[in-house]
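Colleague: The chain contents come next:
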Amino acid sequence: MNGVHDMGGMENLGRVSPEPDEPVFHHAWEGRVHAMTVASPTRGNIDAGRHQRELIPGPEYLAMSYYEKWFRSLGELLVRHGAVTAEELASGRADPAAPKATPRLRAEDAAAAMTRPLSYIREAAPPRFAVGDRVRARNLNPPGHTRLPRYVRGHLGEIVARRGAHVFPDSHAHGKGEDPRPLYAVRFSARELWGEAADPRDSVSLDLWEPYLEPA
Amino acid sequence: MAHDHHDHQHGHGHDHDHGQDPPSDMALRVKALESLMIEKGLVDPAALDAIVDHFEHKVGPRNGARVVARAWTDPAYKARLLEDATAAIAELGFTGRQGEHMVVVENTPAVHNLVVCTLCSCYPWPVLGLPPVWYKSAPYRSRAVIDPRGVIAEFGTVLPEEVAVRVWDSTAEVRYLVLPERPAGTGDLDEAALAALVTRDGMIGTRRL
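Chains as they are written, first to last, in my numbering: chain A, 1 to 216; chain B, 1001 to 1209.
Source of the hints: derived by calculation from the structure; they are not laboratory data. It is possible that some hints are incorrect.
[Said to hold, decoys possible] A few chain A residues that don't get close to chain B, going by computed Cβ distances all over 10 Å:
1. G9
2. V24
3. A28
4. V33
5. A110
6. E123
7. P126
8. D133
9. L140
10. P149
11. S171
12. E192
13. L193
14. P211
[Stated by the list, open to error] Now the stretches of chain B that chain A is said to cover, found in silico as 3 or more residues with beta-carbon under 8 Å:
15. 1022-1031
16. 1037-1044
17. 1119-1133
18. 1146-1159
19. 1187-1197
Quick reminder that beta carbons are idealized off the backbone N, C-alpha and C, glycines included.
Could you put together the complete structure from these sequences and hints?
Modeller: Below, the structure is given as structure tokens:
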């Protein structure tokens, strides 16, 4: 989806404003939203969570703080997954007739779960491209979730690393399974992306799945 | 029901939103959703406390600074770090969410690396903690890829023209950590003293040490 979340290369969105001695959370509720999102039964699909935030309409997305976006998406995701009903979300009251779930994360296991090594690498068909291959990012404009930013579509790059086969967000975010595909680090020269005014030494590298790429 | 959970939070000192001021609209709305999720059996409030504690106190840039200082003082460790960063970082005990597939990119006199996530907020939690607001904000996400030298200059570092800038856009589950150059004149410092020199921004690449 060509949403405002896909920001790479835009200008005039304001100054980068670092805050000295910034706290981890600016308000207690931000920490709760972060923890609720991480502990939520919907967190098993990180791609669906990202897509839910992308579905916030552009003008609102740009106006909301980071954790306001997380909060809104968490409620919508819980409804979408059937974990709460829209009526329960609106009223804040659980339907007394609804069965009670069991939390995915228990207190005694929560800290350990945060540090448990996981992996997004899966078995899949062997990679089509090798390090050094020239590739072109395909001009794809899917209506749903994708991790192929607009600013590289149609541009020529070079494979600089193979990352193994990873869960494919374009499928996974939409409940179509993990659909693992080979993932590559692809380097694009700054001039290829931004034209002759860019510094000839500079480059931008992205991790791109094989379906995003074609031989060049 | 909901009242019990409020009491629970007060008991753990989470409500610095309150103080003398009435709770904000967001604080009330978040509290309502938390109460609903607890009532539905979807989350355990004590687990939420543990998660908040983890992100406020257990992870942060001090972890990454230890990785960098070890790499500066132990060439064999540095070689392992550049070869398989996930495993080398796990040697120091830093593993978990948003650090599943780590890659360390090394700054040299000829190359400077800068990390961004243009699509959302991807960031290596086990070694840097949660990202600062500016990293997640539209100005940084938009400009880091088209004007990295300008962004870095705003942070106070004017890169020499001959240095190549390599931007890494975190579009998948691979997470990047910049290995800064060891500052000159630090030959007599031990690992702990070196770690104290390493900043979060140095490991994102918005500053040179």
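Colleague: Determine for every hint whether it applies to the structure shown.
Modeller: Hints versus structure:
For G9 of chain A, the non-interface assignment is contradicted: its Cβ lies about 5 Å from the closest Cβ of chain B, within the 10 Å cut-off. Some Cβ of chain B comes within 10 Å of the Cβ of V24 of chain A; the nearest lies about 5 Å off, and the non-interface call is violated. The beta carbon of A28 of chain A is not kept farther than 10 Å from every beta carbon of chain B, the shortest such distance being approximately 5 Å. Distance check on V33 of chain A: its Cβ comes as close as 6 Å (rounded) to a Cβ of chain B, failing to clear the 10 Å threshold; non-interface status is violated.
Chain B draws A110 of chain A into its interface by the beta-carbon criterion, the shortest separation being 4 Å against a cut-off of 10 Å. Every beta carbon of chain B lies more than 10 Å from that of E123 of chain A, the smallest distance being close to 16 Å; the non-interface claim holds. At the 10 Å boundary, the C-beta of P126 of chain A stays outside the reach of chain B, the nearest C-beta of that chain being 18 Å off. Every CB of chain B lies more than 10 Å from the CB of D133 of chain A, the least distance being 18 Å, so the non-interface label holds.
Every C-beta of chain B lies more than 10 Å from that of L140 of chain A, the closest at about 13 Å, which supports listing it as non-interface. With a closest Cβ-Cβ approach of about 6 Å to chain B, P149 of chain A is found to fall inside the 10 Å limit, against its non-interface label. The beta carbon of S171 of chain A sits about 14 Å from the closest Cβ of chain B, which is more than 10 Å, so the claim that it is off the interface holds. Every CB of chain B is more than 10 Å from the CB of E192 of chain A (nearest about 12 Å), matching its label as outside the interface.
Once the 10 Å rule is applied to beta carbons, L193 of chain A is inconsistent with being away from chain B; the minimum gap is 8 Å. Distance check for P211 of chain A against chain B: the nearest CB is about 13 Å away, which clears 10 Å, and the non-interface claim stands. Closer than 8 Å: that is the beta-carbon criterion, and the stretch 1022-1031 of chain B has 6 residues meeting it against chain A, so the requirement of 3 holds. Proximity of the stretch 1037-1044 of chain B to chain A, defined as three or more residues with a beta carbon under 8 Å from a beta carbon of that chain, is established by the 7 residues found.
A count of 8 residues in the stretch 1119-1133 of chain B with a Cβ less than 8 Å from any Cβ of chain A is obtained; the coverage claim is therefore met, three being the minimum. With 7 residues carrying a beta carbon less than 8 Å from a beta carbon of chain A, the stretch 1146-1159 of chain B meets the three-residue requirement, and the given coverage holds. Look at the stretch 1187-1197 of chain B against chain A: 0 of its residues bring a Cβ nearer than 8 Å to a Cβ of that chain, fewer than three, so the hint is violated.
In terms of the numbered hints stated before, the structure departs from hints 1, 2, 3, 4, 5, 10, 13 and 19, listed from lowest to highest.
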